[in-house]
Amino acid sequence: ELFSAQATPTAIVTVGSTKFDSLIRAIDCQDFLVLLQGMGIKRLTVQKGNGEYRPANLGEPGKPALPGLEVEILEYSQDLPERLRDAALVISHAGAGTILDCLQAGRRMIVVPNEELMNNHQVQLGLALQEQGLLFCFKAGVLLQSLKEADFSSLRSFPPHSNPLFARLVCCEMLGLENVVKSASTQPMRPA
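First residue of the sequence shown? That's 1 in the UniProt record's numbering, and the numbers climb one at a time after it.
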C-alpha cells in the first residue's frame, strides 16, 4: 500500500476548467477503483468539469462502488487547489498552473494531456517534466495499465526554489512556441 501512511489517503482526478471526457471515461471503471484501493487510497475525488460524459461506474453518493473507497464526483470546487495540495495522488490534465501547484506541494502526480484542445502544448509540457523525473505523463487510453506500472519511488522532488526549466516550459506554453525545450523527450507518449 503505497499511500497508507496518510490519515485518509486521497486521490484526485481533475480535468481543469474545460471538457476532458476521455480522461473521465478512462477512470470510470471498477478496475481503476480496485487499483487505487490496492495503493492504499481510501477516498477518490473526481472533478469532471463541464464535460458531457457522466461517470456511471464509480458509485453513487452514500453508496460506493467499492466498499472502503469513498467517491465524490463534482463539476468544480472553489477549494480544489487546497484539495490538490492535500491529496496523496493527483491525476490531472497537463495545465501548467495545476502542475506547478501540485509539484510545489510535493504531490505524486500523473498528467494526462488533453489532446482535444487546439494549440495544445500540454503534451510537450508533460513529457518535458516526465523526462526531468518530476511526474508521469500518460495518454488517457493507457492510463490504467500505465498506473499499474508506475514506480512512484522513482520521482524526484520538485526543487524548493524557482525552477528555471519549469519557468521556461511555462513561458513557451503560454507563448505557443514549438520545440518547448531542446532537452525535452523526443519519445512519444505511450500510444492509446
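Think of the hints as simulated: they come from the structure by calculation, not from any bench.
The beta carbon of each residue, even a glycine, is placed where N, CA and C say it ideally should be.
Among the hints, erroneous ones may be present.
Label-pair restraints from in silico Cβ distances [to be verified]:
1. PHE152 with GLY68: 18 to 26 Å
2. LEU144 with SER77: 20 to 28 Å
3. GLU149 with GLU115: 15 to 23 Å
4. THR8 with GLU60: 19 to 27 Å
As a list, the in silico DSS-like pairs of lysine-lysine whose alpha-carbon atoms are at most 27 Å apart [claimed, not checked]:
5. LYS63 with LYS42
6. LYS19 with LYS139
7. LYS148 with LYS19
8. LYS148 with LYS63
9. LYS42 with LYS148
Hints and how they fare:
1. PHE152 with GLY68: 18 to 26 Å: 21 Å, holds
2. LEU144 with SER77: 20 to 28 Å: Holds - the Cβ-Cβ distance for LEU144 and SER77, about 25 Å, lies within 20 to 28 Å.
3. GLU149 with GLU115: 15 to 23 Å: Given range 15 to 23 Å: holds, Cβ gap about 21 Å.
4. THR8 with GLU60: 19 to 27 Å: 20 Å, holds
5. LYS63 with LYS42: The given pair, whose Cα atoms are some 14 Å apart, holds under the 27 Å limit.
6. LYS19 with LYS139: The given pair, whose Cα atoms are some 16 Å apart, holds under the 27 Å limit.
7. LYS148 with LYS19: 25 Å, holds
8. LYS148 with LYS63: Holds, at roughly 26 Å.
9. LYS42 with LYS148: 17 Å, holds
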